[in-house]
Amino acid sequence: MPDSMIPQDARDVTLGEYLAARGVSRRAFLKFACSLASLMALPPSVGTAMAEAMAKARRPSVLWFPFQECTGCTESITRSHTPTIEAMIFDMISLDYHETLMAAAGHQSEAAREQAMKENAGKYLLLIDGSVATGLEGAYSCIGGQTNLSWLTEAAKGAAAIVAVGTCASYGGIPKANPNPTGARAVSDIIKDKPIVNIPGCPPIPVVLTGVLAHFLTFGTLPELDPLGRPKAFFGETIHDRCYRRPFYDQGRFAKTFDDEGARNGWCLYELGCKGPVTYNSCATVKWNGGTSFPIQSGHGCLGCSEPDFWDKGSFYRPLSVGQWGNAATLGGAAAVGVALGAAAAYAARRRQDKIAKGD
Amino acid sequence: MDLLTFARGPGLFWAVTIFVIGVLWKLVGVVLLRAKPDLSVARKPSAWTGLRLILTRTWPRREFLQSTAYTEVLGYTFHIGFFVALAFYLPHILFFEDVFRGLIGVNFQGVFGVSWPYFSGGVIYFSGAVAFAALIALLIHRIASPVKRLISNFDDYFSWLVTIAPLATGMLAFSHVGAPYQTLIAVHLLSVELLLVWFPFGKLMHTFTVFLSRGTQGMQFERKGATL
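Chains A and B, in that order, are what the protein sequence lines are.
Residue numbering for the first sequence follows this note's numbering, beginning at 1 and increasing consecutively.
Residue numbering for the second sequence follows this note's numbering, beginning at 1001 and increasing consecutively.
Derived by calculation from the structure, the hints in this document are not laboratory data.
Keep in mind it's a predicted model, so treat the numbers as computed, not measured.
Check each hint, because a few of them may be wrong.
Calculated lysine-lysine pairs in the DSS-like style (CA-CA distance at most 30 Å, straight line) [unchecked claim]:
| # | chain 1 | residue 1 | chain 2 | residue 2 |
| --- | --- | --- | --- | --- |
| 1 | A | Lys56 | A | Lys256 |
| 2 | A | Lys358 | B | Lys1036 |
| 3 | B | Lys1224 | A | Lys358 |
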């Protein structure tokens, strides 16, 4: 249920009281907390502690701003594969602003945003999906007559922490792709004085967001991050390392085309351009749609969508080990220069021999 | 631009360009040098048969076998191990085939009728490890031997370094140890690029010139009637 439809007083009760009122049993909540703790590689005992801490926590106010985005991130979160777990994101938090999900529109929605920012100053979580247009002072992307850039800088001042949802917010994503006409930037390029966690992916995996929020509710801090600002628990290993096709890579069994015998046998897609070896994400373990599948399992190589600038790293279908360095013309030109230099060197040597022979 | 994008893109572009220019510069420069006139009477009707020296010199004569056994065995061990890791590992083959296709417009199989064979990762790793160990042993021998140490110069040590670096970084990347994979593979590529840039200007050029010099010498010996 969109939170804008929840009475204001419901935000004042604890999460435990709120869930109990909605018919969520303690057992179900404990299972939820334990599964999150497990996914985040925390010790089993933490699951119980998480459940207790979350149950006592007040549901934090969350503002979700959509900037230069495609709504795929929201689609991903709202179509979470296990409603009893991931849908709890909307129970764990008080989602006070989300244009796509909230009932209010126009001035009402802006008033709700301003009210939430004022009432929860210094305490709210700011979720951003989409990159931030900075060209023409941010004029490329506006909401209600204001630029995304001004929204971000204003809202960031009162945020306890910021979560960049999706690759666009985390690293600029597709809007930042060359030639980046809007001057798209990542949230972390603009905001420097607030804790920021990146949850990249195009779209991101829902449970990662749930995990980050649960961690914030339980410990009051963001989870441990990697050098690119991603939660280590979910981005600690490459897709290649956890891929069920990895044994085929080690055995040297590769699909050569998308419909050959190797492809039908589920062999490794490295030769078809899979970027799994250089992509950190948990697609291979958490998967999508109720753990049904993920791109590689569906027969397509990983695009590397959770890595910075994935759109500008060459063809999705060229193997990772193939260089991006030129073509036959490049080699031909270099060869011509080499031959010319060699001939010139030999000519100079012969001239020197002649001079010596003449006794000059 | 991150490190891997640089290594796969501009880094590789300039390294390959310098490699091609340098190798052809050296080879053409040597081939077009004026040969010293041989005024003696030829002992054999044709000197071309002297090219067999290229093969006969691949193993030392019996008299020298014992004194050179260490370097011969380790030298061959390194060269074979390095060659297997270089030429029969699928990611490497994909790179070579891409160059091949770019040059002549068709892939390897289109020309030779068979696909480029390759080994599994485990075989390649073992092969690389053997080559790595052989290079270490050869360096120890070079330093321990007073004569070899005396005749060694910067070129020898630097050529050794740029040769072992791709092996070491390749094995690290394969086993995914020490750093994120992108960093490991980028460092591996950069080490290969260092090798390519140095290659034409140091002793690594023997990869090509060994056949040129042996062939020329064999033909000269044959003309003079020497035993090959």
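Here is what the structure says about each hint:
With a C-alpha separation of about 55 Å, the suggested pair lysine 56 of chain A and lysine 256 of chain A falls outside the 30 Å cut-off, and the hint is violated. A threshold of 30 Å between alpha carbons decides the hint, and for lysine 358 of chain A with lysine 1036 of chain B the separation of about 16 Å falls inside it, so the pair holds. Only pairs whose Cα atoms come within 30 Å are accepted, and lysine 1224 of chain B paired with lysine 358 of chain A is accepted, the gap being roughly 29 Å.
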